[in-house]
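S.K.: Residue 247 in my numbering sits at position 247 of the sequence shown, with consecutive numbering throughout.
If you are wondering where the hints come from, they were derived from the structure by calculation, not from laboratory data.
Virtual Cβ for every residue (Gly too), placed ideally from N, Cα, C.
Any given hint could turn out to be false.
Listed next, the in silico BS3-like pairs over lysine-lysine satisfying Cα-Cα at most 27 Å (straight line) [said to hold, decoys possible]:
id, residue 1, residue 2
1, Lys114, Lys126
2, Lys109, Lys42
3, Lys69, Lys42
4, Lys42, Lys304
5, Lys109, Lys381
6, Lys109, Lys126
Cβ pair distances, simulated, as ranges [what the hints assert, rightly or not]:
id, residue 1, residue 2, range
7, Asp229, Gln336, 18 to 28 Å
8, Asp220, Gly122, 35 to 45 Å
9, Ala357, Gly386, 16 to 26 Å
10, Met342, Asp24, 20 to 30 Å
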Amino acid sequence: MIPYGRQDIQQADIDAVLEVLQSDFLTQGPRVPCFEQAVADKFGARHALAVNSATSALHVASLALGLGKGDWLWTSPVTFVASANCGLYCGAQVDFVDIDPRTYNLCPKAMEAKLEQAEQEGRLPKVVVAVHLCGQSCDMQAIHALSQRYGFRIIEDASHAIGGRYQNDHIGSGLYSDITVFSFHPVKIITTAEGGMALTNDDALASRMNLLRSHGVTRDPALMTHEGDGPWYYQQIDLGYNYRMTELQAALGLSQLERLDDYVARRNALASRYDDLLQGLPVTTPWQHPESVSGRHLYVIRLKRHQIASTHRQVFERLREQGIGVNLHYIPVHTQPYYQAMGFQAKDFPEAQRYYAEAISLPMFPTLSDAEQDAVVAALKQALSGS
């Protein structure tokens, strides 16, 4: 089976983790701050805070921005559930903005129309989570302009997009957002096994997230309510969580980060090759905005269903039967039973539904060989023909 994604673990990674195993620190040692500094430096952010997952990063980011009961968080319906769930974790309500039919990201025009209506109804969002689906940035300049007009804060969910660029700036630089979140899950562009990171240029937000990721406990005298009882002293000054990253994860991340640019270059080369190989087939290949560089976490095709006799499911299952581990990213969040119980209906976001009815994620990872990619395309041709 050729999977849709796969981590690349090399001897340097193994050596880095082994070195930590033989050291004095398995958690809360020197590797985590080194990894944080390396990420902040690479992407031009003032602060980078490592956590145990991108979901945790989204949660502490939302809390740091003051999201709570009575507030609204908006995001894209075409994303993993974590992009929306982080709002529910904070006690807020969640709503969605339909996607752009070319990028599959949150559509600024649809957002503007929804914001105009929400302003009249008194339910403007406090936070918008802009998801960079497949690795391509949302139109952050347009979203930021809307935030200035309507007063919401912005989290970039860049779980797919580390190593990408928007308007010649690194995704993660924070030019058009308050906080950017990366994921280091094994199928992502670089991995720490599990793990995530939140980047910001705001000192206060960084301090708040730092507190929340570790039980709300501090040893900083400046944050304490009174002078400490001695050198052992700490205080819990907020209700935080155990979201810390381990030394093992950070060591792996530091090693992987050294190959990030090579990984992104290979992914883009594979995407370009897919574009050429799929010409003439009844599929829509990913559109790349000329002002951005995608991290290419995923390569999603959309079936031109009116040109083929087979159903979406039939094509998907035929590919799996031929050993091609395709997947579908994602089932729109608003169609999940938990969200439908809140009153959402499939018809609420028609562009997301059209996407879901046509999308298939083809294998995309840096060690995918040309021969394996040829096998994927050959299997797709057979699946589309009905054989």
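S.K.: Work down the list of hints and note, for each, if the structure agrees.
M.R.: Cross-check of the supplied hints:
1. Lys114 with Lys126: 14 Å, holds
2. Lys109 with Lys42: Cα-Cα ~32 Å, so violated.
3. Lys69 with Lys42: At roughly 36 Å apart (the allowed maximum being 27 Å), Lys42 and Lys69 break the hint.
4. Lys42 with Lys304: Violated: Lys42 and Lys304 sit about 40 Å apart, past 27 Å.
5. Lys109 with Lys381: 36 Å, violated
6. Lys109 with Lys126: 19 Å, holds
7. Asp229 with Gln336: 18 to 28 Å: 49 Å, violated
8. Asp220 with Gly122: 35 to 45 Å: 39 Å, holds
9. Ala357 with Gly386: 16 to 26 Å: 19 Å, holds
10. Met342 with Asp24: 20 to 30 Å: 49 Å, violated
Violated hints, in rising order: 2, 3, 4, 5, 7 and 10; the structure is consistent with all others.
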